[in-house]
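Protein chains: 2
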Amino acid sequence: MPPQRATLLQVAQRAGVSRSTASFVLTGRYKDMRISEDARQRVLRAAQELDYRPNLMARSLRTKVTKTVALISDTIASDQYAGRMIHGSLAAAVARGHLLFIGETEGDPVVEEKLISDFLDRQVDAFLYASMFTRPIRVPKQLRDRKVVLLNCLNRGSFPVIIPDELSAGRDAARTLLEAGHRTGIYLVGHVPDQVFAGRERLAGINEALGAAEARLAGTIDCDWWPGSAYDAVSRALADGLVPKALICLNDRVALGAYQALREAGVDIPGEVSVISFDDSELAAWLRPQLTSISLPHYELGWQAIETLLGDSTEPAVQRLPMPVRRRASIGPPRGE
Amino acid sequence: MPPQRATLLQVAQRAGVSRSTASFVLTGRYKDMRISEDARQRVLRAAQELDYRPNLMARSLRTKVTKTVALISDTIASDQYAGRMIHGSLAAAVARGHLLFIGETEGDPVVEEKLISDFLDRQVDAFLYASMFTRPIRVPKQLRDRKVVLLNCLNRGSFPVIIPDELSAGRDAARTLLEAGHRTGIYLVGHVPDQVFAGRERLAGINEALGAAEARLAGTIDCDWWPGSAYDAVSRALADGLVPKALICLNDRVALGAYQALREAGVDIPGEVSVISFDDSELAAWLRPQLTSISLPHYELGWQAIETLLGDSTEPAVQRLPMPVRRRASIGPPRGE
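In order, the protein sequence lines correspond to chains A and B.
Add 67 to a position in the first sequence, counting from 1, and you land on the number used in our numbering.
Add 67 to a position in the second sequence, counting from 1, and you land on the number used in our numbering.
The following block holds chain A by itself, in its conformation from the complex:
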């Protein structure tokens, strides 16, 4: 049974002052009101002894300001990615003296509506609307007149948007191979459906950078973005006589499947085939040889979203955050050269 809250009146009585005096002290207005230091100390001590908790909502109703931000997300963790995004947001919020509430909807519009309503009823007035993978979204009706920043999702409206720079990442993947001497036998591994932002942008960047060096992709080994599917597709391609010199895997899980297929076929990495990937998840450093992979800057996405939401930002409406190349040991010169 929770203890009854101590009231302002009880604090005042314990301190031997009037209720209004206690109120002035506890709201920091004692200087204006010429309250003695002795009275002030008695009030503070009484409040502490009674574990007096000011009704935050009452104060908020007067000032209409809260120091809490809510992050609404479709899913908290498909893997560790979401966690890093939230860590970035949390760190930035704490650095600015705000708290972060997290609400997860699992994509359920009913839960989303209730969650947002509940946050609004609790006087939360700044929101991050987040998605675990970059995709277009519709901002919920309840948030349209509110202070909102879109974190890792896209919208045709005028809300500030923080996304990863997938186009540059694609260019960098291609350039890393070009710098190692590759020009031919470069295959994309994965699948690029039109609706997936990351895949589409990465492929556009790859094609652009290869084209600028008068090179091009030799083809695509089509598979889902999962190890089992990549293993099957690459195994089949190798068995059919394909002789790749480099593989651009659309994420580390695809690279894992590709590694397994190459290994089973007795093909050495990077001696015979170079492999580059995207995401730079934990898996990249665990594979042997360690995988060169292009980082998704989840922590920075989360951080920058809060900075944009709470700061006096003069940033452009759409901020594309850089995706650094994590160079490891999976790239070498083309075989036979």
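Hints listed in this document are in silico derivations from the structure and should not be mistaken for laboratory results.
Just so you know, not all the hints are guaranteed correct.
Intra- or inter-copy, both count: the list cannot distinguish identical chains.
To be verified - List of simulated lysine to any residue pairs, SDA-like, C-alpha gap at most 20 Å: (1) Lys134 <-> Asp188; (2) Lys181 <-> Gln209; (3) Lys214 <-> Ala73; (4) Lys134 <-> His154; (5) Lys208 <-> Ala73; (6) Lys134 <-> Ser184; (7) Lys134 <-> Leu187; (8) Lys214 <-> Val385; (9) Lys181 <-> Ala193; (10) Lys181 <-> Val161; (11) Lys181 <-> Gln115; (12) Lys208 <-> Pro176; (13) Lys214 <-> His165; (14) Lys208 <-> Pro227; (15) Lys181 <-> Asp212; (16) Lys181 <-> Pro207; (17) Lys208 <-> Pro391; (18) Lys181 <-> His165; (19) Lys208 <-> Ser225; (20) Lys208 <-> Asp175; (21) Lys134 <-> Asp185; (22) Lys181 <-> Ala162; (23) Lys214 <-> Pro227; (24) Lys181 <-> Thr142; (25) Lys181 <-> Asp192; (26) Lys181 <-> Gly164; (27) Lys181 <-> Leu377; (28) Lys181 <-> Ala73.
Following the hints, put chain B in place on chain A, whose structure we already have.
Just chain B, lined up with the frame of chain A:
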């Protein structure tokens, strides 16, 4: 600039009724007060048109009941585990008509205190206090008189606790090998410091089950619970002439490193060495051969914690949830038999 909230008075005016009538309708007391159906409908329509939002806190202050649970966690995502735990809690909360707020502290006691204070100030009155890996904790002072369930953490007090049954998991790991015919050459891979609950309990269960079959561990290949460390330790052991018949890896990441070492030494799994593991993370199904691993029931932990918190639970104070064995392809009979 957020729109000003519509007030109860504005709703009443729009509906052409008194403020008190509007209040009775919107709090469901219209039957008591003999308000006409026509008046009721006008009030409801006015409230909808004005997007009237009752001050939830005002109502809560009268009833002292909220339908929101807060989950306080040290960290949201070391990997996908935390996500599954939260999914379980979320699903159970929604099934019971509650919302779930999540607050992450990253183990910072200052953030934790502020977060809890803020939740208490917002009339949240039921809490899950969670840890991402099973460990003893001290319940924060602010929560000691509140409704709290400990999720994946331990405490000497009287709070309900939901943890995984690591002791049984250890027994099951050993029994799975015994059933396949193993008695000798069984090595533990990992590290069991006294303070780590999972390691300690698993080892106790392993020793108990092997002992009951008059068998025992041949030794421990000591390493950190990470692939690189496991790879180094197992490689070294094999080079030193160790001939294991089975490896009990303390988690899937350790198993990955062990697989890499075995493969490099030309040792076949499961033909020459059987491997069993714990966690049943995504990695277990991605390895080749697919890894038999004992599942950490994160979703169920999260679900059961909410059920215990919100239900009329007659469960014991400490609930140990079963850890199912996910049988895959990494175990065979001992070599040479």
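Verification of the hints:
1. Lys134 <-> Asp188: For Lys134 and Asp188, the Cα distance is within 20 Å both inside one copy (14 Å) and across copies (13 Å).
2. Lys181 <-> Gln209: within (10 Å within a copy, 27 Å between copies)
3. Lys214 <-> Ala73: between (34 Å within a copy, 19 Å between copies)
4. Lys134 <-> His154: Within one copy only: 18 Å inside a chain, 27 Å across chains, cut-off 20 Å.
5. Lys208 <-> Ala73: between (39 Å within a copy, 17 Å between copies)
6. Lys134 <-> Ser184: both (18 Å within a copy, 13 Å between copies)
7. Lys134 <-> Leu187: both (13 Å within a copy, 15 Å between copies)
8. Lys214 <-> Val385: within (16 Å within a copy, 44 Å between copies)
9. Lys181 <-> Ala193: both (16 Å within a copy, 18 Å between copies)
10. Lys181 <-> Val161: between (26 Å within a copy, 10 Å between copies)
11. Lys181 <-> Gln115: For Lys181 and Gln115, only the inter-copy Cα distance (16 Å) is at most 20 Å; the intra-copy one is 35 Å.
12. Lys208 <-> Pro176: Cα proximity of Lys208 and Pro176: one copy only (11 Å, versus 37 Å across).
13. Lys214 <-> His165: Close inside one copy (15 Å), not across copies (26 Å); limit 20 Å.
14. Lys208 <-> Pro227: Within one copy, since 16 Å is at most 20 Å while 40 Å is not.
15. Lys181 <-> Asp212: within (17 Å within a copy, 28 Å between copies)
16. Lys181 <-> Pro207: Answer is within: at 11 Å inside a copy they meet the 20 Å cutoff, but 29 Å across does not.
17. Lys208 <-> Pro391: Answer is neither; intra-copy 36 Å and inter-copy 43 Å both fail.
18. Lys181 <-> His165: The answer is between: 10 Å across copies meets 20 Å, while 23 Å in one copy does not.
19. Lys208 <-> Ser225: Cα proximity of Lys208 and Ser225: one copy only (14 Å, versus 45 Å across).
20. Lys208 <-> Asp175: within (15 Å within a copy, 35 Å between copies)
21. Lys134 <-> Asp185: Both ways: Lys134 and Asp185 sit 16 Å apart in one copy and 10 Å across, limit 20 Å.
22. Lys181 <-> Ala162: Intra 29 Å, inter 13 Å, cutoff 20 Å: inter-copy only.
23. Lys214 <-> Pro227: within (10 Å within a copy, 40 Å between copies)
24. Lys181 <-> Thr142: within (16 Å within a copy, 25 Å between copies)
25. Lys181 <-> Asp192: both (15 Å within a copy, 18 Å between copies)
26. Lys181 <-> Gly164: This pair counts as between: shortest inter-copy Cα distance 10 Å, intra-copy 27 Å.
27. Lys181 <-> Leu377: Close across copies (19 Å), not inside one copy (24 Å); limit 20 Å.
28. Lys181 <-> Ala73: between (31 Å within a copy, 19 Å between copies)
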